[in-house]
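Chemist: Each chain, letter by letter, is given below.
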Amino acid sequence: MVSIRRATVDDLPGMQACNLVCLPENYQMKYYFYHTLSWPQLSFVAEDYKGRIIGYVLAKMEEDDPCPHGHITSLAVLRTHRKLGIATKLMKQAQEQMKDIHKAWYVSLHVRVGNKAAFSLYHETLGYAIHDTEDQYYADKEDAYSMRLTFREDPKQAAKALKKIAAH
Amino acid sequence: ASSLAAGCGARVAAYVRLMPPKQLQVQQQQQNPQVLPAKEANLFKTALKFYNGKKYKKGLRSVDQILVKFPKHAETLGIKALVLNSLDRMEEAHVAAREGIKSDVRSFVCWHALGVLHRTEHNYPEASKCFRTALRFDERNDRILRDLNLLQVMMRDYTGYIDTRRKFLEQRPSLRANWIGLITAYHLSGNNQVALKTILTYEDSIQPVAEPEFEHGELLLYKNLIIEQMGDMSAAIEDLNKCERLVIDKTQHQEIMGRLTHQAGRFEYAEKIWRDLIFKNSEHYAYHQALILTRSRIPYGQGLPDLKLPATPYDRKASLPHLNDDQVATLESVYDDLAGAYPRSNLVKRVPLTFTRGESFKRRLLAYIVPYLRKGIPSLFGDLKALYTDKDKVAAIEEVALACETSLRTNRSLPLKQDKEGEQESPSSMLWTLFFLAQHYDRLEQHDKAFKYLEEALNHTPTVIELHMFKARIYKHAGNLALAAEAFDSARKMDFADRYLNTKTTLYLLRADKPTEADRMIGLFTKEGENPVIYLAEMQACRYELEKAESFYRTGQYGLALKMLKAIDKHFVDIRDDETDFHGYCLRRGALRAYYRMVEFEDDLFSQPYYVRMAKGFVRTYLALHTKPAAPKAAEIDEYAGMSEIERKKAISKKKREDARKQVPEPKAKGKGPKGKQLPEAKPDPDPFGEALATIPDTLKEASKYITTLKLSVPKDVEVHILACDLYARRQKYLLVLNSLRKLAKFVSSDPAAYRAQMFSLHTLHKVLEAGGVTHPEVRQVIESEIRDICGGKTLAQMHEAHMAQGPATPHLRTVGAEVSVLLDPSCAPVQGAGLVDMVATANTYKDCVSAYGLLQHTIANPATTDAFQKACHKKFPQATLFAPPQASSSETR
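Just so you know, the protein sequences line up as chains W and C, in that order.
Under our numbering, think of the first position of the first sequence as 328, with each following residue one higher.
Under our numbering, think of the first position of the second sequence as 39, with each following residue one higher.
Everything labelled a hint here was simulated from the structure, so no lab data went into it.
Source: prediction; values computed, not measured.
Where is the CB? At the ideal position from N, CA and C, for every residue including glycine.
Take the hints with a grain of salt, since some may be wrong.
[Claimed, not checked] No farther apart than 20 Å at their CA atoms in a straight line, the calculated lysine to aspartate or glutamate pairs in the EDC-like style are these:
no., chain 1, residue 1, chain 2, residue 2
1, C, Lys288, W, Glu451
2, C, Lys288, W, Asp427
3, C, Lys913, C, Asp876
4, W, Lys357, C, Glu576
5, C, Lys400, C, Asp374
6, C, Lys280, C, Asp270
7, C, Lys608, C, Asp642
8, W, Lys410, C, Asp533
[Stated by the list, open to error] Per the computed footprint, the stretches of chain C lying under chain W, defined by three or more beta-carbons under 8 Å from a beta-carbon of chain W, are:
no., stretch
9, 316–323
10, 529–542
Okay, chain W solo, but in the shape it has when bound (with noise of 0.2 Å):
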């Protein structure tokens, strides 16, 4: 039985474990605390039965850009716990999560080129675009898709967003 629910700063230690049995790039604790202390809504965990970490997302916003916007930071779940929708829940709560309470314009991720099922899951489940191409984004020098998906398309909004970035 698997609950999915917001993180807290108690998830922490087992959102670290996690992610550094499922994935290349890891973290400090200061990274995860960095994320719960700035945005406590935004990153979502998935856990066992007997509370258990195994799936969570961290997500953050990006605050200093005209359009503010959401940034999914990294994402994992078990590979046990897998074909079960747990990755696709995750990421809708922080989406929902973003729009509601920053009223992100859009969120963006980064995933490697080679990543065929993370890629899917991104574009074909939840409707992520391409937007750019990184090279050598990772540290073995693999590229990255920067992918985004907008959340709103706001004329007035777009206007005073396109105004500022001319200004800058």
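Based on the hints, put chain C in the right spot on chain W.
Modeler: This is chain C only, laid out in the frame that chain W set:
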């Protein structure tokens, strides 16, 4: 995270403006040696700039240039101390700071620098003293106030912290963060009343907030937390109603409202809120538990007397109270409706399996598992595992799964009623049914059956990685860790790109005590050209380090075990230090509930499972070293024979340095994280084998430090008190042994390990008293009366007899019973040994027999009995390496 890294950069900027004006300098210079002439004053500024820009070596050159001419210039010495501190040359830094203070005892720069040095060394009380002295000479120095306030909150010196935060607020009341600082200071100190009053004062001082806005919304929910903690539930509800419009985080708001109205007994209202929340996130288990409780009109916290915030009766750990048939029937219809409304929700289908019973359970179970079997979702078993605490449900699961198997075998269909007649299942349904049954029988410790189903599944489709992963698991449960690691490795070889498979193979290798292979394995996924051990330490990979430490402990390599444990200890020091950056940050950010949780988390840091496991590891390792002290290497003694003591030391340290260089290959390329962050370069390790750690003079004293921490952080952990008994007895601290026995008392009747510790400790105390080991008459009296109290007037033998007669004897209790019997009366060893051989018949798992085997080998030591025991075990647990006939296991034994 870059915004946090700024920390020390700006530290010195504040000094520059404190330099006396130029004219004054010239005047003062003649009389005052503490004022520099223009040239050196400029040099001083340059030094500051270098320090500020983290160019420490250049900074050091500049200050040294000044000091050649003015060796007693206090402020220069102060800056020198700071620079050396940043260069990690602590001894010289201390010399500089102290010299500076000697030449000008009123130099706030030097006092501040000395404080910074103490802070670096984690000597917070001294650091705090220095900062306060520095402030005496420069009362309003912002930099020092800032450092002091951080230190105070780090030390949880809330009286001092409140005082400093008040100074900040007085200096700049227009700054919101200064208000928040004082509010949180009061709240953290437990003074909710004044914290609340300060919030109200702040709200009065600002323009009323008209529109919902993040920071203000967070403050409102934080205020509500304080009101709730003050215990007035209706005031908290009223406050929630009042602030609803301005709160942005509606989910949080609703969760609190749902909980509080449930507490207030407003079931209908609360139920509606929880339903709304399920609409937002139907996969949140706590929402469902809350719905079940409110719908069934069960009062908040019923049957949960120990409920303490932040725990709620909605947590998965708080089991549901018993529901009567009416309640179950109502809930069934509630969930049938929900299933219609949320067809994609997993929990809406899964939750009814927790509260239904009998036929209804079976019907729902079948409907639940069939789609999993069809889609081939490998986690089906894991999803149902929580139900295995209920015997009836286990039987029902087996019945349903076997029915699926039979139906698939006979007519290639699953026995679901609404299915169309004659429709054929795809062959993969069979595969996943076999897989499920294999896991089911493994859970019931019927490994033969588990293997049989798994083999059939593997023959059916040999390419499913999950099957190979599971094969490793059965081997592990059946007691063959080497084969388990091999099996997992073959799963890994089916998908080299998957880090999960790589990490798990590593962990299996560590369980099989193959640390070198484990390092090589995990190195496949860490940064290229970098030592994986160093990279993983950098990333605080506690799990890997713990498993490795425990493996070293098992194989008697205590030095290496200690080294790994030290690495973990360091992570916790770092996590504690990370706080430094967040106090100031959170006051500005405004996510105050999360901030409050962070402080609580840090307060409870030593109750984190990884910490507890590490600290116990330390204690066990130190105890083992006390039993069998580490000897210096024989080769070394010969090698250095004939040298003088000093020569010898030098030679040894030289050799160690060389060994270290061999151990840690220089990284070819500097590691870079995804954000281009530089990882520190590897330094040669002065103690690569942990020999220095293992040969400290008083291992028991070191162990005591950890036990003291554990007793405070996890007082309910029975293992801690068991270890404490052993440790204190060895340290001859008998009153502390008694104290631990008191803590153990309530576990003794249900936990054989606690019982064993109690009997061994009492036995030791008896022996000590008999031998006249306690001379102080009063202490002796206390010990005697406490023992009488625990034993209730019985002898140890009588106690033991009564205890063993009490309840059903599990293999664990029988083993402990035999051990205690032999302790009390060594002559009964043959009888007890024979008893253990008989025990094998009732043992369910090979683990049940492991400690009995150790007992037979080392204490009872009758070769014939040991042999008989081993043969019986081998027959029962054919896969277990431990019981394999000698010729087969010769490669395994060391």
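Chemist: Give a verdict on every hint.
Modeler: A quick look at each hint next to the structure:
The suggested pairing of C/Lys288 with W/Glu451 is violated, with an alpha-carbon distance near 30 Å, which exceeds 20 Å. Straight-line distance between C-alpha atoms of C/Lys288 and W/Asp427 comes to about 9 Å, which keeps the hinted pair within the 20 Å bound. The straight-line distance between the Cα atoms of C/Lys913 and C/Asp876 is roughly 13 Å, inside the 20 Å bound, and the hint therefore holds. A hinted pair counts as satisfied when its Cα atoms are at most 20 Å apart, and W/Lys357 with C/Glu576 qualifies at roughly 12 Å.
Proposed proximity of C/Lys400 and C/Asp374 is supported: the alpha carbons are some 16 Å apart, at most 20 Å. For the hint linking C/Lys280 to C/Asp270, the alpha-carbon distance of about 15 Å falls within 20 Å, and the restraint holds. Distance check on the hinted pair: C/Lys608 and C/Asp642 sit about 17 Å apart at the alpha-carbon level, within 20 Å; holds. Only pairs whose Cα atoms come within 20 Å are accepted, and W/Lys410 paired with C/Asp533 is accepted, the gap being roughly 17 Å.
Figure legend: the stretch 316–323 of chain C, annotated as covered by chain W; annotation consistent (5 residues with Cβ-Cβ distances under 8 Å, at least 3 required). Note: the stretch 529–542 of chain C has 6 residues with beta-carbon separation from chain W under 8 Å; the three-residue rule is met and the coverage holds.
This entry does not satisfy hint 1, going by the numbered hints stated previously; all others are met.
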